[in-house]
Every structure is written in C-alpha cells, then in structure tokens.
Amino acid sequence: DTGVSQDPRHKITKRGQNVTFRCDPISEHNRLYWYRQTLGQGPEFLTYFQNEAQLEKSRLLSDRFSAERPKGSFSTLEIQRTEQGDSAMYLCASSSTPTERYEQYFGPGTRLTVT
Amino acid sequence: AQSVTQLDSHVSVSEGTPVLLRCNYSSSYSPSLFWYVQHPNKGLQLLLKYTSAATLVKGINGFEAEFKKSETSFHLTKPSAHMSDAAEYFCVVSFSGGYNKLIFGAGTRLAVHP
Numbered sequence: 002d003t004g005v006s007q008d009p010r011h012k013i014t015k016r017g018q019n020v021t022f023r024c025d026p027i028s029e030h031n032r033l034y035w036y037r038q039t040l041g042q043g044p045e046f047l048t049y050f051q052n053e054a055q056l057e058k059s060r061l062l063s064d065r066f067s068a069e070r071p072k073g074s075f076s077t078l079e080i081q082r083t084e085q086g087d088s089a090m091y092l093c094a095s096s097s098t099p100t101e102r103y104e105q106y107f108g109p110g111t112r113l114t115v116t
Numbered sequence: 212a213q214s215v216t217q218l219d220s221h222v223s224v225s226e227g228t229p230v231l232l233r234c235n236y237s238s239s240y241s242p243s244l245f246w247y248v249q250h251p252n253k254g255l256q257l258l259l260k261y262t263s264a265a266t267l268v269k270g271i272n273g274f275e276a277e278f279k280k281s282e283t284s285f286h287l288t289k290p291s292a293h294m295s296d297a298a299e300y301f302c303v304v305s306f307s308g309g310y311n312k313l314i315f316g317a318g319t320r321l322a323v324h325p
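Heads up: the protein sequence lines correspond to chains A and B, in order. Numbered by my numbering, the letters in the first sequence go through residues 2 to 116 in order. Numbered by my numbering, the letters in the second sequence go through residues 212 to 325 in order.
The following block holds chain A by itself, in its conformation from the complex:
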C-alpha cells in the first residue's frame, strides 16, 4: 500500500499523559499536513511541513502540541499533558508540487480519546 499511513489508529489515554502520533506520507510527497477533526465537524488545519521545515502553525496548536518532520519523511505529532478537549481524530495528509496542484491525500487518522 503506497498511501498515507498513521499509527496508532486508536489511542486512549488518561488526562495529563503525553501521547505521540506518527504519520508516514506517500514517499515522493514533500508536503505534509496535520488536521484535527472533532465530532460532527469538518477537519481543521493544525500545521504544515515542506520537507523538514515547519512553515505554518494554526492558533489551534497550543504550546502543548509539537510536530516534527526530522528528515523530511515521516512526521510525529506530540501532545503533552493531554486534556479532555484534545479528544478528536487527528488526520495527516501529504501532497506533491507542482504537478498535482493542491490535491492532498489523507491517511485513515488516529482517534484520540482522553479520559
């Protein structure tokens, strides 16, 4: 399968714990995006990487959130001191430039439940 993969698919954690999610984009894609989707809503943009550089962060990304893409391949999203409001589906997407303009391919998501 050469699509976007995310791990884990589900995570249940207690409030105050740290969690880390991983995203593996399509191998030739240099752009990587993280989105968050809460129940009944559309996904909201969190952050964006071009290769290893993090070029934009949403105001939704509080200081407890950090994302990395150290070698311009896979990316991790860490949430420290989780809160119940962090419960959501975390989606990763990747795209290439410029031939497939603007088309982002999404992974299956990681569903986080904070108890």
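Note that these hints are calculated values from the structure, not bench results. A quick note: this is a predicted structure, and the numbers were derived from the prediction, not measured. One should not assume that every hint holds.
As the list claims (entries may be wrong) - Cut-off 20 Å, straight-line C-alpha distance, at most; resulting in silico cross-link-like pairs (EDC-like, lysine to aspartate or glutamate):
1) Lys-260(B) / Glu-104(A)
2) Lys-72(A) / Asp-25(A)
3) Lys-12(A) / Glu-104(A)
4) Lys-269(B) / Glu-104(A)
5) Lys-253(B) / Asp-8(A)
6) Lys-253(B) / Glu-104(A)
7) Lys-253(B) / Glu-45(A)
8) Lys-260(B) / Glu-45(A)
9) Lys-58(A) / Glu-79(A)
10) Lys-253(B) / Asp-25(A)
11) Lys-253(B) / Glu-282(B)
12) Lys-72(A) / Asp-8(A)
Given the coordinates of chain A, work out where chain B should sit on it, guided by the hints.
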C-alpha cells in the same frame, strides 16, 4: 479570509433520485475548490476538484460540481443516488498563498433510502 458554508447539515434522498449538496465559499483570492467524501471508519477521499480550468467539474462515482463565481457557489450533484453514496461530504477551499492548507466546511451527511 477564506471560508466555506455548507448549507445543509443533513440531506436525505431515495435511491435513484438526484442528489444536490450545496456549498458557498468566501475567498479573497482565486480559490481552488474540492469536494471530499468520508465514509464511516474510512479516510477522506477526494471526489473532485476545481482549479481554474473548466467550471463544470466531473469527479468519481458520477458526481459533478459547477463553479459559479457570480454566486460564489460550488454545489455537488449526482443524477441518481446509490445506497453506497451514503456518507459525510465536505466542501473545501484552498488558495495558493496559504501553502494550500485546506479549509473545510462543517459537512453534509447524505442518507440514501431504498
């Protein structure tokens, strides 16, 4: 600022009847517009996209959408609904100045009845 409004949170149709999912957008730039579909427990799948070429865009599974700049609309249609079309549909806008980040509408849940 870029934004998307999906005018219906739920749409219910009978199998074999037409589907219309409505979307209006707001964009200060020439937008790119998309429709994505999300089936339960599955990832988001691109149905179709408009990127300043033909205003009538054909997508997968018989869906199409028409970009109407004067009405700032990008409604999704299908002539004949199938049971497998039941899913959540998202209208999405993007513009090149924002690193192509996608701005999603709240979604329209499509139910298809026999």
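Evaluated hints:
no.	hint	result
1	Lys-260(B) / Glu-104(A)	holds (8 Å)
2	Lys-72(A) / Asp-25(A)	holds (12 Å)
3	Lys-12(A) / Glu-104(A)	violated (28 Å)
4	Lys-269(B) / Glu-104(A)	holds (15 Å)
5	Lys-253(B) / Asp-8(A)	holds (15 Å)
6	Lys-253(B) / Glu-104(A)	holds (18 Å)
7	Lys-253(B) / Glu-45(A)	holds (18 Å)
8	Lys-260(B) / Glu-45(A)	holds (19 Å)
9	Lys-58(A) / Glu-79(A)	holds (14 Å)
10	Lys-253(B) / Asp-25(A)	holds (17 Å)
11	Lys-253(B) / Glu-282(B)	violated (33 Å)
12	Lys-72(A) / Asp-8(A)	holds (18 Å)
When the structure is compared with the earlier hints, violations turn up for hints 3 and 11 and for no others.
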